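Colleague: In order, the protein sequence lines correspond to chains Y and F.
Just so it is clear: in the first sequence, position 28 is 37 by this note's numbering, and no numbers are missing.
Just so it is clear: in the second sequence, position 8 is 1178 by this note's numbering, and no numbers are missing.
Hints in this document: simulated from the structure, not taken from any laboratory.
Predicted model only: the values in this text are computed from it and were never measured.
Warning: the hint list may mix true and false statements.
The calculated EDC-like cross-link candidates involving lysine to aspartate or glutamate, where the alpha carbons are at most 20 Å apart (straight line), are [to be verified]: (1) LYS1212(F) - GLU88(Y); (2) LYS1212(F) - GLU39(Y); (3) LYS1212(F) - GLU71(Y); (4) LYS1172(F) - GLU39(Y); (5) LYS1264(F) - GLU10(Y); (6) LYS1264(F) - GLU1185(F); (7) LYS1172(F) - ASP47(Y); (8) LYS1215(F) - GLU71(Y); (9) LYS1172(F) - GLU10(Y); (10) LYS1215(F) - GLU10(Y); (11) LYS66(Y) - GLU1173(F); (12) LYS66(Y) - ASP1252(F).
Here chain Y is said to cover these stretches of chain F; the calculated rule only asks that three of the stretch's residues, wherever they fall, bring their Cβ under 8 Å from a Cβ of chain Y [unchecked claim]: (13) 1228-1242; (14) 1258-1267.
C-beta: ideal position from N, C-alpha, C; glycine also.
Below, each chain spelled out in residue letters.
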Amino acid sequence: EAQVTQNPRYLITVTGKKLTVTCSQNMNHEYMSWYRQDPGLGLRQIYYSMNVEVTDKGDVPEGYKVSRKEKRNFPLILESPSPNQTSLYFCASSLSIRSVAFFGQGTRLTVV
Amino acid sequence: RKEVEQDPGPFNVPEGATVAFNCTYSNSASQSFFWYRQDCRKEPKLLMSVYSSGNEDGRFTAQLNRASQYISLLIRDSKLSDSATYLCVVRGDKLIFGTGTRLQVFP
């Protein structure tokens, strides 16, 4: 089954403790991206990747890192999480930047 | 001004009703348009693309008005299962999401 898989689905952590949210897709998509969704603000892009080893900042990249060492994986790294990073995070992939995006199931992160 | 604007709702309608949502966008160079559906706390899923000539998928009709820079979604014969948030999505050099319009269909 074609899908985008994120882990974990739920995470509660403390300020400053490094964490990684994994994202994997099995559709051989070139384009992958991370979004955060907050009430009243909609989905905002954090980082995106147009292909292996090619990543770039989205609209709200501060406090986040990403890597794209393999085509299928695009982890999101929070080196020192802060409470303002409490949010619902979605990974998405598409064949290209112009194609329809498919989303992972989401990761609800709470930083206390 | 937001790049993509939607009425947040909620739209509360009875089963069987027809309901329409509009969405306006600011970038006249936008190339593609979509409606996504998002159930509470779940991922957005593509409902339908929006084509210049308008397109229909069962009870759903989407239309694009480039001159006025808006797209619309019409849902006929609403079902309880249509209750969700509908996201307007516009693509220029990247995808821009509206904040969504919430629809609640009641018996």
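Colleague: Now tell me if each hint is right for this structure.
Modeller: Going down the list of hints, with the structure as the test:
no.	hint	in the structure
1	LYS1212(F) - GLU88(Y)	violated, 26 Å
2	LYS1212(F) - GLU39(Y)	violated, 24 Å
3	LYS1212(F) - GLU71(Y)	violated, 25 Å
4	LYS1172(F) - GLU39(Y)	violated, 29 Å
5	LYS1264(F) - GLU10(Y)	violated, 27 Å
6	LYS1264(F) - GLU1185(F)	violated, 36 Å
7	LYS1172(F) - ASP47(Y)	holds, 15 Å
8	LYS1215(F) - GLU71(Y)	violated, 27 Å
9	LYS1172(F) - GLU10(Y)	violated, 36 Å
10	LYS1215(F) - GLU10(Y)	holds, 15 Å
11	LYS66(Y) - GLU1173(F)	holds, 18 Å
12	LYS66(Y) - ASP1252(F)	violated, 35 Å
13	1228-1242	violated (count 0)
14	1258-1267	holds (count 5)
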